[in-house]
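Participant: Below, each chain spelled out in residue letters.
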Amino acid sequence: EAQVTQNPRYLITVTGKKLTVTCSQNMNHEYMSWYRQDPGLGLRQIYYSMNVEVTDKGDVPEGYKVSRKEKRNFPLILESPSPNQTSLYFCASSFTSGGALNEQFFGPGTRLTVL
Amino acid sequence: DQQVKQNSPSLSVQEGRISILNCDYTNSMFDYFLWYKKYPAEGPTFLISISSIKDKNEDGRFTVFLNKSAKHLSLHIVPSQPGDSAVYFCAASPFSGGYNKLIFGAGTRLAVHP
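For the record, the sequence lines run as chains A and B. Okay, so the first sequence: first residue is 1 according to our numbering, each after it adds one. Okay, so the second sequence: first residue is 1 according to our numbering, each after it adds one.
Calculated from the structure, these hints are not laboratory results. Mixed in with the good hints, there may be bad ones.
So the derived label-pair ranges between C-beta atoms look like this [as the list claims (entries may be wrong)]:
1. B/40 - A/11: 17 to 23 Å
2. A/5 - B/46: 34 to 40 Å
3. B/18 - A/2: 40 to 46 Å
4. B/41 - A/40: 17 to 23 Å
Straight-line Cα separation of at most 27 Å, DSS-like style, residue types lysine-lysine; simulated pairs [stated by the list, open to error]:
5. B/37 - A/57
6. B/37 - B/101
7. B/101 - A/65
8. B/54 - B/5
9. B/101 - A/69
10. A/17 - A/69
For every residue, glycine included, the Cβ atom is placed at its ideal position computed from N, Cα and C.
The shape of chain A in the complex, shown without the other chains (with noise of 0.2 Å):
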């Protein structure tokens, strides 16, 4: 089955903890987002990779690190988590060639709470 997968689910921490979410597809998409959903302001983009070892910065990429080594895995590091890094966030995947005419694929998201 043609997923985007996200690991955790749900996590809760602490202010300055390091923590990675992992997120893999298996469609062998080149493009890969990370998304934060937050109330009255929709999803915003973090970073994006447009293929292994190309990463770049979306609207909202402070405090955020990401790394492209597969082209299946884009996990999305939070080296020094703050509590308005509270979100739910989303990544994404799609095939580069045509732009934003590919459908991106999400995945099922992962509920960060930063206390």
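Based on these hints, arrange chain B on the given structure of chain A.
Facilitator: Chain B in isolation, oriented as in the chain A frame:
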């Protein structure tokens, strides 16, 4: 400042009637528009899209209308069904080719009641 706005946080419609969800945008460089649907505890899923060279795109019960001069698009669902109850996100992209960037609105929660 949000470039894509969905000014109605929620909408309630009776089953069988038409649902109309609205979206406004400010950036005239947007040339591709999409609607995503999201159920609780799931990720958004693609619903329908429209290119700026068109003013209407239809897919079954779903039709998207684009008014470029007004920088406005709308999603019509006819007839509405209880399974359509979800949050609907409008998204826009400044490129129809190349970079896959999407800018999302805040979403509209649709409730279809029997």
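Participant: Are the hints correct? Go through all of them and say.
Facilitator: Structure-based check of each hint:
1. B/40 - A/11: 17 to 23 Å: Cβ of residue 40 of chain B to Cβ of residue 11 of chain A: about 18 Å, so the range 17 to 23 Å holds.
2. A/5 - B/46: 34 to 40 Å: violated, 18 Å
3. B/18 - A/2: 40 to 46 Å: Given a distance of about 33 Å, which is not inside 40 to 46 Å, the answer is violated.
4. B/41 - A/40: 17 to 23 Å: Given about 20 Å between the Cβ atoms, the range holds.
5. B/37 - A/57: Roughly 25 Å separates the two Cα atoms, so the pair holds.
6. B/37 - B/101: holds, 18 Å
7. B/101 - A/65: Holds - the C-alpha atoms of residue 65 of chain A and residue 101 of chain B are around 18 Å apart, at most 27 Å.
8. B/54 - B/5: holds, 21 Å
9. B/101 - A/69: Roughly 21 Å between the alpha carbons, so the hint for residue 101 of chain B and residue 69 of chain A holds.
10. A/17 - A/69: Satisfied, since the Cα-Cα distance of roughly 23 Å is no more than 27 Å.
Of the numbered hints given earlier, the model fails hints 2 and 3; all others are met.
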